[in-house]
Amino acid sequence: MAKQAGKAPTLTDVARVAGTSTAVVSYVMNNGPRPVAAATRERVLAAAAELDYRPNRIARALRSRTTGVVGLILADASNPYFGALARHVEQALDKRGKLTLTGNAGYSPDRQEHLADKFLAAQVDGLVIVFADGGADVATQVKRAGVPAVYVHNQPEDGQAPAVTADNEDAVQQAVAHLRGHGHTRIAFLAGPRDAGPVGRRRATWETALAGTGAPLLRCEYSRAAAAALTGQLISEGSMPAALITATDEQAIGVLAAARAHRLAVPERLAVISLDGTPDSAYTAPALTVTQQPLEAMAAQAVDLLLGGEAAAPPALSAPLVIRGSCGCAATDS
Numbered sequence: 001m002a003k004q005a006g007k008a009p010t011l012t013d014v015a016r017v018a019g020t021s022t023a024v025v026s027y028v029m030n031n032g033p034r035p036v037a038a039a040t041r042e043r044v045l046a047a048a049a050e051l052d053y054r055p056n057r058i059a060r061a062l063r064s065r066t067t068g069v070v071g072l073i074l075a076d077a078s079n080p081y082f083g084a085l086a087r088h089v090e091q092a093l094d095k096r097g098k099l100t101l102t103g104n105a106g107y108s109p110d111r112q113e114h115l116a117d118k119f120l121a122a123q124v125d126g127l128v129i130v131f132a133d134g135g136a137d138v139a140t141q142v143k144r145a146g147v148p149a150v151y152v153h154n155q156p157e158d159g160q161a162p163a164v165t166a167d168n169e170d171a172v173q174q175a176v177a178h179l180r181g182h183g184h185t186r187i188a189f190l191a192g193p194r195d196a197g198p199v200g201r202r203r204a205t206w207e208t209a210l211a212g213t214g215a216p217l218l219r220c221e222y223s224r225a226a227a228a229a230l231t232g233q234l235i236s237e238g239s240m241p242a243a244l245i246t247a248t249d250e251q252a253i254g255v256l257a258a259a260r261a262h263r264l265a266v267p268e269r270l271a272v273i274s275l276d277g278t279p280d281s282a283y284t285a286p287a288l289t290v291t292q293q294p295l296e297a298m299a300a301q302a303v304d305l306l307l308g309g310e311a312a313a314p315p316a317l318s319a320p321l322v323i324r325g326s327c328g329c330a331a332t333d334s
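Numbering (the UniProt record's numbering), first residue to last: 1 to 334.
Source of the hints: derived by calculation from the structure; they are not laboratory data. All figures in this text were calculated on a predicted structure; none of them were measured in a lab. Hints may be right or wrong, so weigh each one.
[Said to hold, decoys possible] Under the rule of at most 16 Å between Cα atoms (straight-line distance), these lysine to aspartate or glutamate pairs were calculated in the EDC-like manner:
| # | residue 1 | residue 2 |
| --- | --- | --- |
| 1 | K95 | E296 |
| 2 | K7 | E42 |
| 3 | K143 | E169 |
| 4 | K143 | D170 |
| 5 | K95 | D304 |
| 6 | K143 | D125 |
| 7 | K7 | E50 |
[Unchecked claim] Estimated spans, in silico, between C-beta atoms of each pair:
| # | residue 1 | residue 2 | range |
| --- | --- | --- | --- |
| 8 | T213 | R111 | 35 to 41 Å |
| 9 | L217 | R111 | 28 to 34 Å |
| 10 | Q173 | A261 | 19 to 25 Å |
| 11 | G308 | P80 | 46 to 52 Å |
| 12 | A38 | T208 | 23 to 29 Å |
| 13 | R260 | A38 | 53 to 59 Å |
| 14 | A204 | G106 | 25 to 31 Å |
| 15 | D52 | R260 | 23 to 29 Å |
| 16 | Y283 | R180 | 23 to 29 Å |
| 17 | E157 | E207 | 25 to 31 Å |
Using N, Cα and C, we set each Cβ at its ideal position, and we do this for glycine too.
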């Protein structure tokens, strides 16, 4: 049966070509609520492909009072860490038959609240929030409107909504212990402009571990350019530490670039470990040793919390040490 020009094929058309009922076609397209025999399912899918049939999401929403769409608010879409996390969230939602609608807060708490309001107006089925520091507890506000919400990676202090996070304290302890194993006792930490959220927890753990050693706390924006400028300045002043833990990969990449530009050998004269583990970290020169944030597992757990209705967040997930070349080891990627 050929598709009629100018007319979108319907569920009835697919049922006619497949030789089955519209109810069975609906079960196949919606993955339930009733099972369909494998042979019948294949016949329905073949008919849908032949007709170029696309389910009408709006009609489905009117019938079920759900849109099949989940909103994702990112703290900053331009940061590769959040980009990688967003990809895993989208993949996890796709496995559950949900479409992802993404908004970029650009580290703005006001923008984050604005996006939450917009997503509520769009009648999303739920909201995943990668929290921007300093903002209101928008997830709790969203839940008061009857829409489930969950935080991932970060959450506001005293936030009431569940959050899926990595074990940042353990990640720092692993990095410190590893650099000490290379003989470093004065291990610096590069934080952001302010201490909040995961970076605040990372900094506090470092501070406890290095108390009394005189190890310097460094600060710059979470960008390659800012970290490169700071590193260049420290090298020029002769005050660059011999070992450094960076709060983010973006900063670490800037540090490596400046070290190379100023002919400071890594890891011979500067050992570096970063605490993110984004895909880019494997392709620096030398490749970064990292504590790898479990982004895929975090995304999967966040989606399970969101769609499963559980109230309690799971324990923080481990961020394993991935040894490459920047710390002084031979690269193993293990």
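Structure-inconsistent hints, enumerated in ascending order: Structure breaks hints 2, 3, 4, 10, 11, 12, 15, 17.
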